[in-house]
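**Student:** Residue numbers (the working numbering), protein chains in the order written: chain A, 23 to 467; chain B, 23 to 467; chain C, 23 to 467; chain D, 23 to 467.
Honestly, the hints are just simulated from the structure, not real lab data. Keep in mind it's a predicted model, so treat the numbers as computed, not measured. A portion of the hints provided could be inaccurate.
Treat identical chains as interchangeable: a pair holds within one or across any two.
[Stated by the list, open to error] Below, a list of computed lysine-lysine pairs in the DSS-like style, where the Cα atoms sit at most 30 Å apart:
no. : residue 1 : residue 2
1   : K103      : K161
2   : K40       : K447
3   : K54       : K445
4   : K364      : K353
5   : K447      : K241
4 protein chains.
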Amino acid sequence: MSDSKPIETHIESLGEAKIKTLLLDDSIGTSKEMFKSDKDRILIDVNAEAVLEQIKNQQTPTTFELAGPREKIYFDPSKLKCALVTCGGLCPGLNNVIRAIVLELYYRYQVKHVYGIRYGLEGFIPEYGHNLVELDPDKVVNIHEMGGSILGSSRGPQDIEAIVDCLERLNIGILFMIGGDGTLKAATKIVEEIKKRNAKLSVIGIPKTIDNDIFRVAKSFGFDSAVDIATEAIKGAHKEAEGYPNGIGMIKLMGRHSGFIAATASLAQQDVNFVLIPEIDFDLEGENGLLTRLEKRLKERKHAVIVVAEGAGQNFFQDSTPEYDASGNLKLYDIGIFLKDKIRSYFYEKSMDVTIKYIDPSYMIRSLPANPNDHVYCGFLGRDAVHAGMAGKTNMIIGHWNNFFVNVPIPMTAGKRKRVNPKGKLWQTVLEATGQGNLTNQKPE
Amino acid sequence: MSDSKPIETHIESLGEAKIKTLLLDDSIGTSKEMFKSDKDRILIDVNAEAVLEQIKNQQTPTTFELAGPREKIYFDPSKLKCALVTCGGLCPGLNNVIRAIVLELYYRYQVKHVYGIRYGLEGFIPEYGHNLVELDPDKVVNIHEMGGSILGSSRGPQDIEAIVDCLERLNIGILFMIGGDGTLKAATKIVEEIKKRNAKLSVIGIPKTIDNDIFRVAKSFGFDSAVDIATEAIKGAHKEAEGYPNGIGMIKLMGRHSGFIAATASLAQQDVNFVLIPEIDFDLEGENGLLTRLEKRLKERKHAVIVVAEGAGQNFFQDSTPEYDASGNLKLYDIGIFLKDKIRSYFYEKSMDVTIKYIDPSYMIRSLPANPNDHVYCGFLGRDAVHAGMAGKTNMIIGHWNNFFVNVPIPMTAGKRKRVNPKGKLWQTVLEATGQGNLTNQKPE
Amino acid sequence: MSDSKPIETHIESLGEAKIKTLLLDDSIGTSKEMFKSDKDRILIDVNAEAVLEQIKNQQTPTTFELAGPREKIYFDPSKLKCALVTCGGLCPGLNNVIRAIVLELYYRYQVKHVYGIRYGLEGFIPEYGHNLVELDPDKVVNIHEMGGSILGSSRGPQDIEAIVDCLERLNIGILFMIGGDGTLKAATKIVEEIKKRNAKLSVIGIPKTIDNDIFRVAKSFGFDSAVDIATEAIKGAHKEAEGYPNGIGMIKLMGRHSGFIAATASLAQQDVNFVLIPEIDFDLEGENGLLTRLEKRLKERKHAVIVVAEGAGQNFFQDSTPEYDASGNLKLYDIGIFLKDKIRSYFYEKSMDVTIKYIDPSYMIRSLPANPNDHVYCGFLGRDAVHAGMAGKTNMIIGHWNNFFVNVPIPMTAGKRKRVNPKGKLWQTVLEATGQGNLTNQKPE
Amino acid sequence: MSDSKPIETHIESLGEAKIKTLLLDDSIGTSKEMFKSDKDRILIDVNAEAVLEQIKNQQTPTTFELAGPREKIYFDPSKLKCALVTCGGLCPGLNNVIRAIVLELYYRYQVKHVYGIRYGLEGFIPEYGHNLVELDPDKVVNIHEMGGSILGSSRGPQDIEAIVDCLERLNIGILFMIGGDGTLKAATKIVEEIKKRNAKLSVIGIPKTIDNDIFRVAKSFGFDSAVDIATEAIKGAHKEAEGYPNGIGMIKLMGRHSGFIAATASLAQQDVNFVLIPEIDFDLEGENGLLTRLEKRLKERKHAVIVVAEGAGQNFFQDSTPEYDASGNLKLYDIGIFLKDKIRSYFYEKSMDVTIKYIDPSYMIRSLPANPNDHVYCGFLGRDAVHAGMAGKTNMIIGHWNNFFVNVPIPMTAGKRKRVNPKGKLWQTVLEATGQGNLTNQKPE
């Protein structure tokens, strides 16, 4: 058995960490045992058979490095300047992560210069004229009570060289980037540009996606809070559906490529009869099509509730010209409006009176403050991001795996995506709970 | 000063109430003094000068009869059958009113036969095939925890004779109708048909309008709960607006003809910069137009929040052909979508990047359970409706005026509408809070 | 009919208001018609018969002056300094009132010097060493999201002369006092001392009592929010009571002298079997005593829920020596603990196993942020307090009566108390809802 | 490397499962791949080094069997009767687990006879006279909206033989026991008695502890919901503390032997200055004692917030005679009241005025409905319990480990306890967040 770490989970570093971490004032009572070493690693796969098989074959199982404070740090806190940026759509917990990073830098490491970059990557580009915000404990101590991001955000890429120019002008040592897949890709490009310039600049990501679709991250922050409120929308749609003869309540939820919110919320509030997610195609017409099934349901029970993830059913738009948003994300066709119209005309043609109530709670969810569970989680993410940055690590994110916080190389996760497994426990349970069946006329393989 | 009651506030009655109200079991401890007489009346107008002037002119000031139990009742509880119907759109508190009516009939008056009519007026019409629901304490005791209506509802009128046929077939003595202006008009027609047939059938209304626009009713049930959640939508829109450069958050709230929800919610969550209500016209273009003002606001503060009531700005659609919904209500053009498009194209032409986030929380609000305040209120409405019906009163609703529950004749209120007074305290305070100014290019008179 | 205002509702004034109120910037769009005159008055009593009787007897009915802005003001905004103090126990809405006062002074009247006095009346007394807080829009704009008072509070009187010394030292023109009955009494003494000194200093009160017991004020701020959460405690107690054989859930709620919270919350969450309030004595022992009735209830239904206001049952402690708290309020014996012990030993002696779960949510309620309804209400109170002070009025509070905000002389309300009427609609409905009966062995008169 | 399963994680079974699981109606669309085999196992320890070391030493790492449906079942659904009991203190989620078990038995396995045992183990004993409840989908479909347990509960052991007598009389095949450590011990005794009698009766536990202290279970249901509301209590205490000069807010939270709720809630609402948990002793007096530190904090910041777990500081009561409750749990002395008194007299002696506000939200928390996160979690627990029982497994609980639901033998977990590790990430972070230091005068080793 070889001792070498598998390359893909090895964390890059700016150089040797030589400075002793300031022990917190003794009166705080923290213990030296909280320091982690890069050799503290956890197995990624916990399938016993698979691991034993690997070992039998002389393969080293893949592992993640534990996140957390290191005994030696790379940066001199008294001279260090840090920057922090939030990118992409809003998500519950952004302010909580900002708060945790600032407080940890300030109190634990005595780093007094932390700059907030306004409005996402735009904030690095002089042409936009956005000011910097100096962040200190006073400014952040209460921000977790509010949704949104005190820094603001924006979508879309910016010129990588201009970003690094800005970082150098500001003399930044660690850049914390809170954002989704596009942001992580930008982070890696920034790292490459930094290397070209031989700069001593660490880039640490905190993965943000309300859709919970980060590859190799068990749960992303804000997901829990999102499900909390999504259930309220389902409750409302259910009551509206029950409220009228042949009432149909339809809720469009977040989920561009992964249906975790739709599936989980449908288990959290089991009033749902049809869940449509991006991972699973469905037919509208034909014996097993959604419309036929919906008609059957209405005839039996007089009402129906449909949850549709925003990325579901994109196959219906295949012939349309693709468009992209500022972040370069494929613009999704509005499956909610599409379905509402299809349902309306289907029953109109059948002369069957139905009442459709459509709820799109997206921006009420995205702008929420984090719930207590997410607040605790964001606190750990922010603190561990600081620990990683201070130790000189770079090109990595803080992840959560097998109940441990871990350091994950960005190249291992960016560009990939976690998705609902149609044969896994989550989706099979949704099928049981809804009784919706396979909404397709093709024979399953 | 004459003793005669002004005709318009006099409550119609089926005949003399001769049966003694069952005193509650002494062990309950209620007091005989809780009985009200029809002579217990309150002044409608409390403006001191106006009242004194009237009296000087030998006019009797207009008064409302107090709601509440009467010592003698008209119906024999042991033989009485009652029916209950909920009509029109959902509104927080419907189940609370149903619950209060059923429990009061059952426990206080020992009326054991209460039928719930399903799906609004449709439920009276055999062709629809909706079943009756027998209601008893077991069925209703927990329904106030849920939004919606356990009976369901529907929009639109039904044949009045067919309704009264059904009531006679069921041998109903009191019909409780929970609904809005259309329902109250139907109630009066039902009363007329009943009179033609010389039937002994009381019709008692409980006015329902989430818009709070019932004439001569200070506050309608559900309004408070609606404002509660409308503020959450405003918070969300504010965070979304702040979240992006030139961010615009827009919330469409209920309010077909009256802007009470929009105005009140904007005072409850003072993040709003523009409130648009049906009572006040506004311009889009020109120096004072919304678009110009919005541009100014964005340039100064980088974000803006707009609340628009669904009935605002209907003048922009004057040239379109009017359409009507099933209830005969004028179908409103969607001012929310219209504004969103106008704003988008205005800034597009100016090459000014803006981000618009649009929230329409209507069905999440309408389907809410009532908050505690509304629950208490609905309890009184339901119990007083029962007292009125048992006393043989008819063609009336339960209102709330000067902090008293009162019996109000339907003809006095139906077809009229309470609206926000542009020069009154509420709207003037909204103007102060938003600083929005007169969004019109016409000189004020 | 005489034109003279009845003395007891006449508002004192510092002198003639000669300065024109700055019209708000035209762009705000407010209307001159929002100005009120001192002659705009509303009837206090709306009982039609009583009012007509009075008039027949040549008596002028008592009226309240409407609150609101006056066309002329007494103070010159450019020179005016104002102070603001919160006294007594916490109550939802304190920060909302502070916010409204500061914003109205600042934006509407352009008063730029507003001082917050810290920790109640203590803050006036140099010996305590509490600093002043300068208040401006930045400091207050978000405080309504938080419970408590940003100024802090304290109980108990302080030397009146020392208070006025402080006000003079600070050159204060208007003092806003937010507090309960003790505070209003102090306010009147401060007014007297000011008169002695011939100072031009207005004192405006905003009545604060979570108990809702201010005489001649229909509802005090925070009450609604308190009931909201009190219902959660009742729900909890009910579930605990149902959770065990012979389970008893007991909730102690606020209400030193008036049982409004206990009574209203018991209607808002109708799981309660016994409500005990200060207005109504009850027996423990004997045929009708609480313990006997409780035993009966347990035998019939296996669980029971009791709500007790903190001021109920004080007769049980008559032989104990009275104690007073720092505010001079009679210290109440803890009826909750007393009852819990009595119940426990009663059933112990009867060898009947019971489980008692006791909930005292007081400080979770008092420290709440205001709900949206209360926020709107507090906004009006604060703004009208400012209007009154600017107009040179003094020795008054802002009240709410017949749905109007009114100016009420402190001497008319202080020292009196609004209480639950045992024969009125609220309590009679509680009796109906609980079925608790008269818990006394004395024959009712 | 040996293939043999380590004995301690092997699940007992009643016998060979021979009956094919009814495939759900094809229209449901569930997949055969959702079946798990007993050989699907996950590693317990994920520490990479430890696992590799074990393997090098020819030891098989310990593994858990995956929970989930099996292809073959042991019981014939058409003849099977099941029973369900909830024991010990209330906890959010009890009804959710009941609901999931009943619905899964009914719809998935077509088991139509499910009995609810009332009031915990008492319900088995004829002397108590508690009735059985027949459970079906109608009875349980909405119960997750409510806190508590629809079955009720009780504390304390009952005669094991009498329990098994009752099970045999009812002809029960699977008994589901939802309860804490005491219940799991009883479960094992019941299993032993069943074996003696050679009965074919499976006993499946769902571990319930609001304290989250079940050994080898990462998170127990209800914990999340408890933290949600505990944070509200902390917010309240913080506002009360800030509200008065030298204000002290103290919150007593659940946690008899493990301080997870106290520690987690203090991270979820970081207003806390001192967290006291059972795992860590503290001194009151002396340089580092709580009282000295509290005085210091008040002098610096004028207010302080203390969270104390109910089981903290039991060493202060060492000289008192131990008492036990009905469940045989050591009765804890009330550390909350004890501390409140100690603090009061300490500052009294120092003539320092302080205000202490004490909040004990325990029964408001225990009686809560589960939050959406917990509802999803309880759903999986309940369904997996049914799968295990149907497969003929026994003497086990459903656990959650490394993000998988697993079958855990009761003997492996009962009698042990998960506790907060004073040197682990959670507690070290609490120390950082509070800055409380070691509250002990002993030198740390």
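**Student:** Now, for every hint given, state plainly whether the structure supports it.
**Tutor:** To see whether the hints hold, each was checked on the structure:
For the identical chains of this complex, K103 and K161 are neighbours both inside a copy (17 Å) and across copies (29 Å), given an alpha-carbon limit of 30 Å. Taking CA atoms no more than 30 Å apart as the test, K40 paired with K447 passes between copies only; the shortest distance there is 24 Å, against 47 Å inside one copy. Only between protomers do K54 and K445 lie at most 30 Å apart by alpha-carbon distance; the minimum there is 8 Å, versus 45 Å within a single protomer. When the C-alpha separation of K364 and K353 is checked against a cutoff of 30 Å, the pair qualifies both within a copy, at 21 Å, and between copies, at 21 Å.
Taking identical chains as interchangeable, the C-alpha atoms of K447 and K241 lie at most 30 Å apart whether they share a chain (16 Å) or sit on different chains (19 Å).
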